[in-house]
Amino acid sequence: MNFVVAEGSLDALLSALSDGGSTRVDREPCRTETFYDSFDWRLYRKNTQLVCRRRRRAVVASLITPQGRLEAELNFAPVFARDLPPSPLFDALGPILSVRRLMPVARARRRPRTVHVLNEDGKTVARIQADRLEVAPPERRVKWTTVKPSWVLRPLRGYDAEAEAIGERLARLPDVRRDSRSELDRLLGEIGREAGGYSSGFRVALERQLPAGAAVRRVLATLFETMRVNEAGTIADLDPEFLHDFRVAVRRTRSCIGQMRATLPEDRLKPFREDFAWLGSITGPTRDLDVFVLDLLDRRTELAAVWEPLVRLVQRDQRREQRKMAARLRTERYRGLLARWSAFLAADPVVGEAAESDRPIVEAAAERIARKYARMLTRGAKLDAWRATDALHRLRIEGKKLRYLLEFFRGVFPAETVGPPIAALKRLQDNLGELNDLRVQQAALPQLARRLETDGRASADTFVFIGRLLERLAGRERLVRREFSGNFKLFASDDIARLIR
Amino acid sequence: MKVFALYNLKGGVGKTASAVNLGWFSAAGGFRTLIWDLDPQGAATFYYRVRPELRGGSKGLLRRKRGLARHVRATDYERLDLIPADPSNRHLDLFLARKRRPLARLRRLLATIRKDYDVVLLDCAPAISLTSEAIFDAVDALIVPTIPTPLSLRALDQVREHLRELKQPPTVYPFFCMVDMRRTLHRDLILAHQNEGFLASRVPYSSRVEQMGTRREPLPAYAPNLAATQVYAELWAEILEREGLMP
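First to last, the sequence lines map onto chains A and B. Counting along the first sequence from 1, when you hit position 9 you're at 9 in the numbering used here, and nothing is skipped either side. The number in the numbering used here is simply the position in the second sequence, starting from 1, with 1000 added.
None of these hints come from the bench; they were simulated from the model. Please note: incorrect hints may appear among the correct ones.
[Claimed, not checked] Non-contacting residues of chain B with respect to chain A, defined by C-beta distances greater than 10 Å in every case (computed):
#, residue
1, Gly1030
2, His1071
3, Ala1074
4, Arg1079
5, Asp1081
6, Pro1087
7, Arg1107
8, Glu1133
9, Leu1151
10, Asp1157
11, Arg1182
12, Arg1183
13, Gln1194
14, Ala1200
15, Leu1226
[Said to hold, decoys possible] List of simulated lysine to aspartate or glutamate pairs, EDC-like, C-alpha gap at most 16 Å:
#, chain 1, residue 1, chain 2, residue 2
16, A, Lys123, A, Asp26
17, B, Lys1115, A, Glu477
18, A, Lys426, A, Glu407
19, B, Lys1167, B, Asp1137
20, A, Lys148, A, Glu120
21, A, Lys324, A, Asp298
22, B, Lys1002, A, Asp91
23, A, Lys148, A, Glu134
24, A, Lys123, B, Glu1217
25, A, Lys123, B, Glu1053
26, A, Lys123, B, Glu1078
[Stated by the list, open to error] Just some of the chain A residues that point at chain B, by a computed CB distance under 7 Å:
#, residue
27, Glu71
28, Lys123
29, Arg157
Glycine residues also receive a C-beta, built at the ideal position from the N, C-alpha and C atoms.
Same shape as in the complex, but just chain A:
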């Protein structure tokens, strides 16, 4: 429970509490803290804050979760969860952050003042944080802003009733109002920023009767925005998710242009089709290597000593491809594409510019989705999962297109109609996606082995390991192929088919 107070003097707080028992105040010296989160606000969305401060040469990292506070002393400010030593902090951060980089989101200068509310036994039954705070953006050399005084009531486990009573008493005071925002929200508010701005999920508001031409432009504009916000992180290689989200936005754009071509003016669209295909192709190799590196990083413990040369080789390749890609994202061709695409999306649609541009989006989208689904059923029913590889790959591509359509236009259909097909399709796609990754890695490993041999840097153990890894990948592939038929059956079931029709 947070309370914002107009006159935040500690005396006012203490006198308000005085008739309910005794209090004790702890004061600590001023300290500078940095708040961290990932680009897509993963911690914030989990109601969690990571705050770091310096203590002598070390960095004290505190993770404040709804369940409590975890603290660890580190030798460096945390960047990736995987760099943390094994600790409760690592256990808590790892699953939330996954591969995302931690970035500073705000700095605060805090003079901590904690009021302990005590019962007759002298036991603390609630704490009130009445810290003095100043805040600044994470960038260096910017001015500090004084934060409006506030009291934060922290209930203690097993003493909820006491905290509630104190909360009610404070809320009755003049010049005090309850504030449900978290501390980070309040700090960011003071410097004119907002948490939770970016999310990698696709969401766009569309009205059912909106002309298809305008609706599709709105979808494309949202995707363009995603590309733009991930661009800097992709070029700087901050973490692999920037490129991933960037590529997904490009792929979705291409898919949308292709699927919904009847709603857009074909002659103006043609050059963009080639440009986006180019963008997909220049970012592909880096993404493949990112996936490979991440996979190897996951296997660090299991591979121990032999892991080193392999991962270094793949990392070197990744860096080379990354540099190449970054250079291309700085070229005139790319800049020109951005400018022309932005102009296309900003221009108002002309009535009758394409065959279906004026149809209500709900009709155009439903028809497109039903057709794509029918096509997948025909393709999937024919293939033999034990032998077919190219056909499975093609089915996966079709599946992606269908998934995108469902996601683009989910807003115009009732949630209960779109939810189950998306879920069934996701299962099928995960299955097909894993098969694809396994094929790519099985093809890449023998080549890597040959390069390691030529370099003469790897020991025999490394090759034994690569052999074992290949065996395991092949075993996993058999399992994944076996799972295909069950997933496809669910996807093709009457329940799903009825919803789509």
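Fit chain B to the given chain A structure using the hints.
For chain B alone, kept in the frame of chain A given last:
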């Protein structure tokens, strides 16, 4: 989640003082820590100023379906919680005996809070009973405070002998406590027995430790620089190292 029991067949050897202080160091080191006061005397509960009462008494405590979490009280220290004792804990054996699979009961109760804590310390009553059997089943290790006197060492032998009968006995970490090296008896007995698996840290006798009862605070909160306090810190570090836990 690692579960330790402060246990000894003999009373007055410093189990509660050790549970209270080791719990403090565990929490201060970054572990989410729970002290569970199973001793009907409720001294650990008293030291942490928590009222000795449980919802539904110890009978209610044993109900697995409702879990342990509802009995937990925060202490005055960050990350350190406590399940208080209750006068009815003296009938714990009786209530336990009425349960199906009584020996597994505490372990299964602890499983209900395994995601909430990294370390649990059980402060046990001095006895070999159904409850202590259930404790042996639930814990990763027993931490056994032992005064360097013949009776206390004999009690440790009895515990070890009893554990030998178990299929999967917990690890035993005995350590010397309330040590007064001015006494010949203490010196001689430590010399004679120190190689019998005792931890290296020896908690010295100190009247400041006894003041925990009047101050109702753990030792590090009011005497952080006392030799005994430092030894408790070292003792905890030693246990962490043996258990492969990283703070």
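We went through each hint and held it up to the structure:
The beta carbon of Gly1030 (chain B) is not kept farther than 10 Å from every beta carbon of chain A, the shortest such distance being approximately 5 Å. For His1071 (chain B), the condition that its CB be more than 10 Å from all CB atoms of chain A is violated, with the nearest at approximately 8 Å. Chain A draws Ala1074 (chain B) into its interface by the beta-carbon criterion, the shortest separation being 4 Å against a cut-off of 10 Å. With a least beta-carbon separation of about 6 Å from chain A, Arg1079 (chain B) fails to lie farther than 10 Å from that chain, contradicting its non-interface assignment.
Not every Cβ of chain A is farther than 10 Å from the Cβ of Asp1081 (chain B); the closest lies at roughly 6 Å, contradicting the non-interface assignment. With a minimum CB-CB distance of about 17 Å to chain A, Pro1087 (chain B) clears the 10 Å threshold, and the non-interface call stands. In this structure Arg1107 (chain B) is separated from chain A by more than 10 Å, as the shortest Cβ-Cβ distance comes to about 22 Å. The beta carbon of Glu1133 (chain B) sits about 29 Å from the closest Cβ of chain A, which is more than 10 Å, so the claim that it is off the interface holds.
Listed as outside the interface, Leu1151 (chain B) is consistent with that label: its C-beta sits roughly 35 Å from the nearest C-beta of chain A, beyond the 10 Å cut-off. With 10 Å as the threshold on Cβ separation, the claim that Asp1157 (chain B) sits away from chain A holds: the shortest Cβ distance comes to roughly 36 Å. The beta carbon of Arg1182 (chain B) is kept farther than 10 Å from every beta carbon of chain A, the shortest such distance being approximately 36 Å. Under the 10 Å C-beta cut-off, the non-interface status given to Arg1183 (chain B) relative to chain A holds; the minimum distance is some 36 Å.
Separation of Gln1194 (chain B) from chain A is adequate, the least Cβ-Cβ distance of about 32 Å exceeding the 10 Å criterion. Residue-level check passed: Ala1200 (chain B) sits 24 Å from the nearest beta carbon of chain A, beyond 10 Å. The beta carbon of Leu1226 (chain B) sits about 22 Å from the closest Cβ of chain A, which is more than 10 Å, so the claim that it is off the interface holds. Taking the CA atoms of Lys123 (chain A) and Asp26 (chain A), the gap is near 15 Å; set against the 16 Å cutoff, the hint holds.
Between Lys1115 (chain B) and Glu477 (chain A) the CA atoms are separated by roughly 34 Å; this puts the pair beyond 16 Å, and the hint is violated. Note on Lys426 (chain A) and Glu407 (chain A): the hinted pairing holds, with a Cα-Cα distance of about 11 Å set against a maximum of 16 Å. For the hint pairing Lys1167 (chain B) with Asp1137 (chain B), the CA-to-CA distance comes to about 10 Å; that is within 16 Å, so the pair holds. Proposed proximity of Lys148 (chain A) and Glu120 (chain A) is contradicted: the alpha carbons are some 33 Å apart, above 16 Å.
At roughly 26 Å between alpha-carbon atoms, Lys324 (chain A) and Asp298 (chain A) are farther apart than 16 Å, so this suggested pair is violated. A threshold of 16 Å between alpha carbons decides the hint, and for Lys1002 (chain B) with Asp91 (chain A) the separation of about 15 Å falls inside it, so the pair holds. Taking the CA atoms of Lys148 (chain A) and Glu134 (chain A), the gap is near 9 Å; set against the 16 Å cutoff, the hint holds. In summary, the hint linking Lys123 (chain A) to Glu1217 (chain B) is supported, as the alpha carbons are separated by about 10 Å, within the 16 Å threshold.
In summary, the hint linking Lys123 (chain A) to Glu1053 (chain B) is supported, as the alpha carbons are separated by about 15 Å, within the 16 Å threshold. With a CA separation close to 14 Å, the supplied pair Lys123 (chain A) and Glu1078 (chain B) stays within the 16 Å bound. Of the supplied interface hints, the one on Glu71 (chain A) holds, with its beta-carbon coming within about 5 Å of a beta-carbon of chain B, less than 7 Å. Against a cut-off of 7 Å between C-beta atoms, the interface hint on Lys123 (chain A) holds, since the closest Cβ of chain B lies about 4 Å away.
For the restraint placing Arg157 (chain A) at the interface with chain B, the shortest Cβ-Cβ distance is roughly 4 Å, inside the 7 Å limit, so the hint holds.
Of the hints listed earlier, those the structure fails to meet are numbers 1, 2, 3, 4, 5, 17, 20, 21, in rising order.
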